[in-house]
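Visitor: Those protein sequences? They're chains F and G, same order as listed.
Take the first sequence: its letters are residues 1 to 534, numbered as in our numbering.
Take the second sequence: its letters are residues 1 to 341, numbered as in our numbering.
In short, the hints are calculated from the structure, not lab data.
Note that CB positions come from ideal geometry on N, CA and C, so glycine has one too.
Errors might be hidden in some of the hints.
Just the calculated beta-carbon pair ranges, DEER-fashion [stated by the list, open to error]:
no., chain 1, residue 1, chain 2, residue 2, range
1, G, 227, F, 492, 31 to 37 Å
2, G, 227, F, 399, 38 to 44 Å
3, G, 287, F, 204, 52 to 58 Å
4, G, 182, F, 492, 26 to 32 Å
5, G, 322, F, 226, 35 to 41 Å
6, G, 181, F, 179, 23 to 29 Å
No farther apart than 30 Å at their CA atoms in a straight line, the calculated lysine-lysine pairs in the DSSO-like style are these [to be verified]:
no., chain 1, residue 1, chain 2, residue 2
7, F, 484, G, 178
8, F, 488, G, 185
9, F, 484, G, 182
10, F, 203, F, 151
11, F, 76, F, 119
12, F, 509, F, 488
13, F, 484, G, 307
14, F, 484, G, 31
15, F, 511, G, 178
16, G, 178, F, 488
17, F, 511, G, 182
18, F, 226, G, 178
19, F, 488, G, 182
20, F, 41, F, 28
21, G, 307, G, 185
22, F, 154, F, 207
23, F, 511, G, 307
24, G, 178, F, 227
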Amino acid sequence: MVFWKRKRKSSNERLSSSDSLEASQNTKLTDNLNQNIQLVKEVFQRDTDFTLRSFHLFGKTPAMALFINSLVDNEKINRDIIQPLQAPKEIYNKSSGSKKYTLQYLLNDFLYFSEGEIKCELPSILDALLQGRTVIFIDGENECLILDTLKREKRGITEPETERVVRGPREGFIEQLQTNLSLLRYRLPVPEFRAEPIEVGEKTKTKIANCYLENIASDELINEVKKRIQDIGIDRILDAGYIEQFIQDNPRSPFPQVLNTERPDKAVGNILEGRVAILVDGSPYALIVPAVFNQFYQTSEDYVSRTLMSSIIRSIRYMALLFSLTFSSLYVTVLSFHPEMIPAKFVVAASSGRAGVPFPVVVEVLLMELAMEILREATIRMPQQVGGALSIVGVLVIGQAAVSAGFVSPITVVIIALSTIGSFATPSYNAAITFRMLKFPLIVLSGFIGLLGLAVGLMFIINHMLSLRSFGVPYFSPITPWNKEGIKDSIIRAPLRWLTERPRELHPKDKVRVDSGVKKGPSNPLANEKRGRF
Amino acid sequence: MNYAGTGGPFATIVGILIGFIGLVGLVLVGKRFPTKTIIGYNEIILGKPIGRIMSLFIILLFLVLVGLETRQYAEAIQGSILNNTPIHLAIVVMLLLCVTTTYQNVSTFAYIHFFYVPLILIPIVVILVFAFRDVEMYHLAPFLGNEPNFKDFMKGALVVPMAIANFLVIAMVIPFMKNPMKSMKGASWGYGFGALILLVVITMTIAVFGVEEIMQMFWPTLILGRMIQVPAEILSRIDAILLISYIYGVFTTLLSYYFIVVRGICELFRFHNYRIVSILAAPIIFLVAIFPEDIFTMYKYLLAVTKYGMLPLLLYPFILLSIASIRGLKRLPESEENNSL
């Protein structure tokens, strides 16, 4: 009962607060300048960056410019607003009465602003001020001019830290949505490119843009993405990661189901395949949906370098994945349950190395893996100045000293190093960390029931991955379900001229990338075979 | 194949054909009612009470089969790698895997089967390739067996359909197919492929060891894997790898049976909470699995189930077909049939 009462009370409170909001929503400007100023001043009177600048319009009518100076471009206000408006000018119509200009006239014919409007409601004026606009009250007008003077601090476009390439563009997204959109538009100069705005976050009012090509991406996908984003109920969106957690299909899964990238070229590549890129204001990451598993093992460089090399490198990455996931648990299995599996010489070496180690192999491997994870986490969180100290501790203490102290066997260190390096070879950080964490249950399982444990653990992981969907797209596609066209760009990367179809699992409206027939290879204009010289 | 002696390969072929007949029957009935599972058309063809009793029998049969197969796998695991671990652990682990997977939707079920095929096949193929050098052709002759005896021969042949009996799951998945009318093609391909592998494995095993030796072994193919050596000496014995692929194979088989049980129960009792049913079925299956005292009684039960359960089940679709055509039942319009999903 108490619970119910409390709930009702709180809902009542909410009601009353929304009542007061309603009241302020109806407040409108009057034609008294001081009264108008007072209305706004009441809200911002304790803020240091709220600025009022009074002047006389055309040297006669009292007027006031209001802005929040931490958000605006002061120079622009001086040059483009105050200066032209202050200058005395005979624009008064001689024939008619006292009021000889209109706000509409000022906006349409006098001021050079690409974005400006005329408003009279108090809430929209407050909103405008908070978005870095300048509000101009003029005596005798019950409306005001709102001019866009926003200037936010932003950093320059730099190379993405998380997705480095040897060859390929070096531009990365930054925090400003507008800049990021310009990076995309610059690469996709087609009228079908859409950047639909959505606003999420009750308090942060974060702007989000859904970017897609409307003649390629399927309507169901576009609507589903929009619906999932609109359904988000949260007061704050501080990074794209917030959005990712709300729109993913299975929130309990360890696997990432939304791809994120800092690279505009990667985003454009995915948009062209029929996916939707979600840009979030204030985050240098674009989210890409739907994401399938093998995308986390691809880089944009795969398409830049030649087919054979990138195919081999891709398969090396999958090998690295297998290493990072299974190597340490396979080691545990073999040493503690099935030493007959490996050649006898190696068994001797491995067990003589472990002669002084006081724990069973499972404990030893678990401890080392844990130390490795701690080391990794420490390296990320630490100030760069002490990085050198950490690598000394990491290399010497954990590598050398632990072995010579008889704490771990040298072969264990090698195995752990291999599995750790394997996980670092994954291009996508969030997929790599998933497999690093899944390694631990596998080690425990193989420590308990050996090979059966390892096999069953792997099956649990595979079954779970097969049951995952990202916006309805099976996580393992195009491998399962099999799709011949999709395979060409999954574990391997076929020559670009073979990749003529968009991924079928996305159900793109336009399935074929190039309409005209692909030309068959280069001709040899300089070869002399025909003339018979060679 | 213990019964047929060197006639093993031939008995296998006969067994495969028997199984194929059963498969054809199932697919034909399934195509007649492309929106219904076996539980659904049982009721239509035989009428509600009899149909439901028959469905119950089928479900019970598979329930027992899951248990016994689980036990068989656990015995194989214990016999080969986990000598000192209690057998219950292997059973529990496998059942857990099945439980967590059976309540997924049908497409996941299909993906799982598809994904594991290469994982199962590649090690088998590797072992067969490397086993070629140990083949002695005289082990295979005479083709029909030393003293052809129809009864023993058929006994051997009839074990075979059971070994690849998970094709029966097709009775449950036809309504979920994109194109049920094409199910015959898919089913035949799948069955033919599985049968071919089985045939080759049996032939190779007999060819390598000879009949007399095989009689002494429980799992000749595993021993075959233990025997062969791969070049480069990375692993001194690859039977462990074979065992992993065997575990995968067992899992897909058990999953099929378990799937039939869970979906069957849900459809029979109109209770569509797969999660609860699959969790509740697990302890029962566990009890069935630990019921046989040892591996010999387990095989006795398994043979009995095959004889009195599977073989009638192979004939069952034809009975259904004939009843359906006598009663003149044709496909019902789609709209009436979609209520069960």
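Visitor: If a hint holds in the structure, say so; if it does not, say that too.
Guide: Right, here's what the structure says about each hint:
Hint check: residue 227 of chain G to residue 492 of chain F, Cβ distance near 35 Å, so the stated range 31 to 37 Å holds. Between residue 227 of chain G and residue 399 of chain F the beta carbon distance is about 41 Å. The supplied range of 38 to 44 Å therefore holds. A hinted range of 52 to 58 Å holds for the C-beta pair residue 287 of chain G and residue 204 of chain F, which are about 57 Å apart. In this structure, residue 182 of chain G and residue 492 of chain F meet the distance hint of 26 to 32 Å, their C-beta atoms being roughly 30 Å apart.
Taking the beta carbon of each, residue 322 of chain G and residue 226 of chain F are about 55 Å apart, not inside 35 to 41 Å as hinted. The supplied range of 23 to 29 Å is broken by residue 181 of chain G and residue 179 of chain F, whose beta-carbon atoms lie about 55 Å from each other. With a C-alpha separation of about 18 Å, the suggested pairing of residue 484 of chain F with residue 178 of chain G holds against the 30 Å cut-off. For the given pair, residue 488 of chain F sits about 27 Å from residue 185 of chain G by alpha-carbon distance, which is consistent with the 30 Å threshold.
At roughly 20 Å between alpha-carbon atoms, residue 484 of chain F and residue 182 of chain G fall within 30 Å of each other, so this suggested pair holds. As the CA atoms of residue 203 of chain F and residue 151 of chain F are separated by approximately 21 Å, the hinted pair is consistent with the 30 Å bound. Restraint check for residue 76 of chain F and residue 119 of chain F: the C-alpha separation of about 21 Å stays at or below 30 Å, so the hint holds. For the given pair, residue 509 of chain F sits about 20 Å from residue 488 of chain F by alpha-carbon distance, which is consistent with the 30 Å threshold.
Among the hinted pairs, residue 484 of chain F with residue 307 of chain G is inconsistent with the structure: their alpha-carbon atoms are about 42 Å apart, more than 30 Å. Annotation: proposed proximity of residue 484 of chain F to residue 31 of chain G holds, straight-line Cα distance about 28 Å (limit 30 Å). Between residue 511 of chain F and residue 178 of chain G the alpha-carbon distance is near 21 Å, which keeps this suggested pair within the 30 Å criterion. Restraint check: the Cα-Cα separation between residue 178 of chain G and residue 488 of chain F comes to about 24 Å, which is no more than 30 Å; the hinted pair holds.
Of the pairs offered as hints, the one joining residue 511 of chain F and residue 182 of chain G holds, with about 25 Å between alpha carbons and a cut-off of 30 Å not exceeded. Only pairs whose Cα atoms come within 30 Å are accepted, and residue 226 of chain F paired with residue 178 of chain G is accepted, the gap being roughly 29 Å. Simply put, residue 488 of chain F and residue 182 of chain G have alpha-carbon atoms about 27 Å apart, close enough for the 30 Å limit, and the pair holds. At most 30 Å may separate the alpha-carbon atoms for a hinted pair to count; residue 41 of chain F and residue 28 of chain F meet this at roughly 15 Å.
Using a Cα cut-off of 30 Å, the hinted pair residue 307 of chain G and residue 185 of chain G holds, with the two alpha carbons roughly 28 Å apart. The hinted pair formed by residue 154 of chain F and residue 207 of chain F meets the criterion: a straight-line CA distance of about 16 Å does not exceed 30 Å. Proposed proximity of residue 511 of chain F and residue 307 of chain G is contradicted: the alpha carbons are some 53 Å apart, above 30 Å. For the proposed pair residue 178 of chain G and residue 227 of chain F, the alpha carbon gap of about 28 Å is at most 30 Å, so the pair holds.
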